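Enquirer: Just need the whole structure built from these sequences, with the hints factored in.
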Amino acid sequence: MFLFAQNAKIVFVFLFVFVVGLIQTTPVFALEDKESGTSGQISTQKDEVLEGNITQILEEKQVIPMGQTEFQLNQKLEVLVTKGSLENKKIEVQSGNLPVTNLQKYKIGDDVIINFSKDFEGKDNFVITDYVRRNSLALLFVIFVAVAVVIGRIQGATSLLGMGISFLVIFVFILPRISSGDDPVLTAIIGSLVIIPTTFFLSHGVNKKTGVAMAGTFFALAVTGLLAAVFVEASKLTGFGSEEASFLQSIKPGFINIKGLLLAGMIISVLGILDDVTVSQASIVEQLKKANPKFSTRELYSKAMAVGKDHIASVVNTLVLVYTGASLPLLLLFIDNPQPFSQVVNYEMIADEIVKTLVGSIGLMLAVPITTLIASIMSERNA
Numbered sequence: 038m039f040l041f042a043q044n045a046k047i048v049f050v051f052l053f054v055f056v057v058g059l060i061q062t063t064p065v066f067a068l069e070d071k072e073s074g075t076s077g078q079i080s081t082q083k084d085e086v087l088e089g090n091i092t093q094i095l096e097e098k099q100v101i102p103m104g105q106t107e108f109q110l111n112q113k114l115e116v117l118v119t120k121g122s123l124e125n126k127k128i129e130v131q132s133g134n135l136p137v138t139n140l141q142k143y144k145i146g147d148d149v150i151i152n153f154s155k156d157f158e159g160k161d162n163f164v165i166t167d168y169v170r171r172n173s174l175a176l177l178f179v180i181f182v183a184v185a186v187v188i189g190r191i192q193g194a195t196s197l198l199g200m201g202i203s204f205l206v207i208f209v210f211i212l213p214r215i216s217s218g219d220d221p222v223l224t225a226i227i228g229s230l231v232i233i234p235t236t237f238f239l240s241h242g243v244n245k246k247t248g249v250a251m252a253g254t255f256f257a258l259a260v261t262g263l264l265a266a267v268f269v270e271a272s273k274l275t276g277f278g279s280e281e282a283s284f285l286q287s288i289k290p291g292f293i294n295i296k297g298l299l300l301a302g303m304i305i306s307v308l309g310i311l312d313d314v315t316v317s318q319a320s321i322v323e324q325l326k327k328a329n330p331k332f333s334t335r336e337l338y339s340k341a342m343a344v345g346k347d348h349i350a351s352v353v354n355t356l357v358l359v360y361t362g363a364s365l366p367l368l369l370l371f372i373d374n375p376q377p378f379s380q381v382v383n384y385e386m387i388a389d390e391i392v393k394t395l396v397g398s399i400g401l402m403l404a405v406p407i408t409t410l411i412a413s414i415m416s417e418r419n420a
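First residue of the sequence shown? That's 38 in this note's numbering, and the numbers climb one at a time after it.
Since the hints were derived computationally from the structure, they do not count as laboratory data. Please read all numbers here as calculations on a predicted model, not as lab measurements. Don't take every hint at face value.
Between beta-carbon pairs, the in silico distance windows are [said to hold, decoys possible]:
(1) L177 / T361: 32 to 38 Å
(2) Q376 / K346: 17 to 23 Å
(3) S333 / S283: 52 to 58 Å
(4) E270 / I180: 42 to 48 Å
(5) N354 / A259: 21 to 27 Å
Taking lysine-lysine pairs in the DSSO-like style, the calculated list, with each CA pair at most 30 Å apart, reads [to be verified]:
(6) K160 / K127
(7) K273 / K289
(8) K340 / K296
(9) K160 / K144
(10) K340 / K245
(11) K98 / K142
(12) K346 / K331
(13) K113 / K98
(14) K113 / K127
(15) K98 / K126
(16) K113 / K144
(17) K340 / K327
(18) K142 / K113
(19) K327 / K346
(20) K127 / K155
(21) K327 / K245
(22) K155 / K144
(23) K127 / K144
(24) K155 / K142
(25) K127 / K142
(26) K160 / K126
(27) K142 / K120
(28) K142 / K126
(29) K289 / K346
(30) K126 / K113
(31) K126 / K245
(32) K160 / K142
(33) K346 / K245
(34) K289 / K327
(35) K98 / K144
(36) K155 / K98
(37) K98 / K120
(38) K273 / K296
(39) K245 / K273
(40) K126 / K144
The C-beta atom is built at its ideal place from N, Cα and C for all residues, glycine as well.
Expert: Written out as structure tokens, the structure is:
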């Protein structure tokens with residue numbers, strides 16, 4: 038049975054309790070282990086991080102760093118610390134005095150992040166590590182919210198709420214659980230079971246169309262997960278195709294299932310696009326039935342799939358371009374590689390991206406006929 042508006046309150050109460058239950062059981066604020074003295078979370082020893090504003094460029098010249106043969110820009114900067122233990126104090130920072138570091142040319146007024154440490158002699162050591170980007174990111178987010186609300190109105194606002202819940206589940210449940218050593222695939226599946234209904238109901242309402250889209254999404258997600266598991270194993274992928282995975286393993290050797298993490302990433306990555314595909318196909322069938330209530334299941338399926346084929350072409354192309362764009366620096370490393378293409382595609386870092394793209398694309402393509410079939414059958418039964 039599909040959920041209708043009259044029991045919407047029950048659905049949302051259930052989902053709310055489910056999300057709260059997950060949050061309460063998450064180890065994100067885990068207590069310190071009395072025996073080991075650790076919380077089970079990944080942690081790294083860090084120097085103090087300061088923030089500051091560049092007030093003056095004291096010196097600027099070209100130098101050849103030790104071990105290098107080419108000139109690079111060296112700047113001596115005066116920075117007013119705006120956040121940290123040295124707040125409101127002015128410090129001097131050298132930029133570009135080490136090989137292939139701080140190659141940016143800083144200007145007066147730039148807000149920067151500074152790593153503050155002590156050397157072996159106890160002297161202060163300052164290194165500019167990055168820019169402070171929060172203000173520009175906040176502005177972009179405000180524009181994003183404004184566009185969503187102005188164009189989408191109530192539905193746009195509820196979609197933003199759904200997005201917020203997705204982030205909540207990911208950052209408060211999925212990531213901390215995986216970080217604590219839980220199985221990544223199982224954790225991703227549980228997280229998906231929360232994300233799918235909450236985001237679908239908030240974005241599209243509690244109705245038959247949303248129920249159909251959810252059913253199609255669950256089926257397609259199951260197929261995607263199965264394909265990912267089969268071909269990750271068949272391709273002998275270990276999950277160590279990225280530096281981040283190796284770094285995680287070095288921090289907690291054997292604590293996190295890296296191959297499972299790869300599978301979990303594939304599952305979560307297709308959730309958003311599955312929403313678009315399944316809801317669109319369910320809407321098409323619904324509108325076709327309203328336009329002509331005499332359409333049979335076969336006719337509904339046939340006509341909806343005529344549109345669905347165009348949807349498949351555009352979505353698959355979108356997914357390929359998204360993965361390509363995200364991996365552009367990696368692909369550039371191999372564009373002039375003297376090794377043959379057959380060897381390049383065999384590298385795990387490349388094979389990872391190929392499997393992600395193809396598995397995700399197959400799952401999306403199958404979501405169209407699956408959702409269309411379910412929607413057509415349900416429209417005929419409820420006619």
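Enquirer: Does each hint fit the structure? Answer for all of them.
Expert: Hint check:
1. L177 / T361: 32 to 38 Å: violated (23 Å)
2. Q376 / K346: 17 to 23 Å: Cβ of Q376 to Cβ of K346: about 38 Å, so the range 17 to 23 Å is violated.
3. S333 / S283: 52 to 58 Å: At 56 Å between Cβs, range holds.
4. E270 / I180: 42 to 48 Å: Given a distance of about 44 Å, which is inside 42 to 48 Å, the answer is holds.
5. N354 / A259: 21 to 27 Å: Once the Cβ atoms are compared, 24 Å apart, the range 21 to 27 Å for A259 and N354 holds.
6. K160 / K127: Answer holds: K160 to K127 is near 16 Å, not above 30 Å.
7. K273 / K289: Between K273 and K289 the Cα gap is close to 22 Å, so the pair holds against 30 Å.
8. K340 / K296: violated (41 Å)
9. K160 / K144: holds (26 Å)
10. K340 / K245: holds (19 Å)
11. K98 / K142: With a Cα-Cα distance of about 11 Å, the restraint between K98 and K142 holds, given a limit of 30 Å.
12. K346 / K331: Answer holds: K346 to K331 is near 23 Å, not above 30 Å.
13. K113 / K98: This hinted pair holds, its Cα atoms lying about 9 Å apart.
14. K113 / K127: holds (13 Å)
15. K98 / K126: Satisfied, since the Cα-Cα distance of roughly 25 Å is no more than 30 Å.
16. K113 / K144: holds (11 Å)
17. K340 / K327: Satisfied, since the Cα-Cα distance of roughly 13 Å is no more than 30 Å.
18. K142 / K113: holds (11 Å)
19. K327 / K346: Measuring from Cα to Cα gives roughly 21 Å; hence the hint holds.
20. K127 / K155: Status holds; Cα separation ~17 Å.
21. K327 / K245: holds (13 Å)
22. K155 / K144: Measuring from Cα to Cα gives roughly 26 Å; hence the hint holds.
23. K127 / K144: Holds - the C-alpha atoms of K144 and K127 are around 16 Å apart, at most 30 Å.
24. K155 / K142: The given pair, whose Cα atoms are some 25 Å apart, holds under the 30 Å limit.
25. K127 / K142: holds (20 Å)
26. K160 / K126: Holds: K160 and K126 sit about 16 Å apart, inside 30 Å.
27. K142 / K120: Holds, because 22 Å separates the two Cα atoms, which is no more than 30 Å.
28. K142 / K126: Between K142 and K126 the Cα gap is close to 23 Å, so the pair holds against 30 Å.
29. K289 / K346: violated (46 Å)
30. K126 / K113: holds (16 Å)
31. K126 / K245: violated (62 Å)
32. K160 / K142: Distance ~26 Å between K160 and K142 Cα, so the pair holds.
33. K346 / K245: holds (23 Å)
34. K289 / K327: Not OK: K289 and K327 at ~57 Å, beyond 30 Å, violated.
35. K98 / K144: Measuring from Cα to Cα gives roughly 14 Å; hence the hint holds.
36. K155 / K98: holds (26 Å)
37. K98 / K120: holds (29 Å)
38. K273 / K296: holds (10 Å)
39. K245 / K273: violated (42 Å)
40. K126 / K144: The hint holds at about 19 Å.
Violated hints for the displayed structure, listed by number in ascending order: 1, 2, 8, 29, 31, 34, 39.
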